[in-house]
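Engineer: Each chain, letter by letter, is given below.
2 protein chains.
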Amino acid sequence: MSERAGSFNLGALAFDAYGTLFDVHSVLAACEAAFPSRGEAVSRLWRDKQLEYSWLLSLMDRYENFWTVTEKALRYACQRLGLSCDPATHTRMLESYYRLAAYPEVPAALARLAVKRRLVILSNGTPQMLAAVTRAAGLTAVFDELISVEAVGIYKPSPRVYALLPQRLGMPAERIGFVSSNAFDITGAKAFGLRTFWVNRQDATPDGLGYPPDIVVRTLAELADRLAAART
Amino acid sequence: MSERAGSFNLGALAFDAYGTLFDVHSVLAACEAAFPSRGEAVSRLWRDKQLEYSWLLSLMDRYENFWTVTEKALRYACQRLGLSCDPATHTRMLESYYRLAAYPEVPAALARLAVKRRLVILSNGTPQMLAAVTRAAGLTAVFDELISVEAVGIYKPSPRVYALLPQRLGMPAERIGFVSSNAFDITGAKAFGLRTFWVNRQDATPDGLGYPPDIVVRTLAELADRLAAART
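Residue numbers (this note's numbering), protein chains in the order written: chain A, 955 to 1186; chain B, 955 to 1186.
No wet-lab data here; the hints were simulated from the structure.
Source: prediction; values computed, not measured.
Please note: incorrect hints may appear among the correct ones.
Since the list can't tell identical chains apart, any single copy or any two copies may satisfy a pair.
[Unchecked claim] Heads up, simulated SDA-like pairs for lysine to any residue below, C-alpha to C-alpha not over 25 Å straight-line:
{"no.": "1", "residue 1": "Lys-1070", "residue 2": "Arg-1016"}
{"no.": "2", "residue 1": "Lys-1026", "residue 2": "Asp-977"}
{"no.": "3", "residue 1": "Lys-1026", "residue 2": "Arg-1155"}
{"no.": "4", "residue 1": "Lys-1026", "residue 2": "Pro-1041"}
Next comes chain A alone, as it looks inside the complex (with noise of 0.2 Å):
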């Protein structure tokens, strides 16, 4: 594998945020405090159906931003849960999104893979969205942009998507490396042309449609060491 690193050219990183630089595990928290014992239930199946309808709207022609996707995925797991969900325990829940704790390890594997690098974001949330969870994490000067999808209307993964990477940075997509924890993202990035980097936090099972990433690590540290390994 570090000979495929070895000769990679890369001019800038970008990141998808959700589950990559922000633990989601903030929302199973909130999940679970306002349903106790369901958390877990409700938060994984809040966020299938978030993805699903991300994939559904786009498919449709009918794109509504992510903070709509998201609260409408609320109400769908609830309902379909059997929980009763006030108007007041819906906005907190939803506004978990805003306060994502960062992994531990992103903060300085960002400040080591940024040296020489431009760092961006592609992200399916809202400029809104993206701006006050990069902020709360104390992470915004290290960006160069946060892009959202919102500039194309249409969701991960299609390929309008990843174009705004080579668009925005001026270079072509093979000195662009994608990182995303999510392995359809990855699948994606790669049939788009872009080099990925997957990084497989929770062991799963690789996405099989043949656009597999061209590394696979852990954590971001990982990511840091194997692309300083590539460059000696």
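Fit chain B to the given chain A structure using the hints.
Structural biologist: Coordinates of chain B only, in the frame set by chain A:
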């Protein structure tokens, strides 16, 4: 609801295939035979991944036909569950898709629904898959046409799929009733402009994207009753 139904002036009905006309529990039986006591887990994950892959490939502009998608989804399900699947078992499980049973009420209900209306199938399945399963269930004669998404190279719920119906049937969308047990399929058809009839066989939670069905029933027999009542 019967007032609503009374306003329909349907020239044709289009049916989803898998889960709507054909009982995918036959697939469950094949899974259980291959992996005793794990059949339900395999079959649920297989189906979920089959749909997910169909959405992702569509969004990526990388259509592969439904037989390939179904095959890749089965491989994923086995890998994730840690089950090793020899080639003969793999083939046997896949081929169960050719021989699904129709739900018990389907033949008689279709005969009633066909009076003064054209009936077609609109499905993600390949033309070969649709011809085989319809023949095996003895339903070939009742349908004017088996319409596969293969004609447009994208999956449901893309509007390009539903647009095949007014094109092929030569009538406006509002004169076509679309029947499916899959909530996302109803949502897509409604967003496109068809009349939608949700066969909610399993008491599923309604989709929350804001395109509710015109009628909800539990079986096709109930749909035949409702549409007959609306005529009188």
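Engineer: Against which earlier hints does the structure fall short, listed by number upward?
Structural biologist: Violated hint (a single one): 1; every other hint is consistent with the structure.
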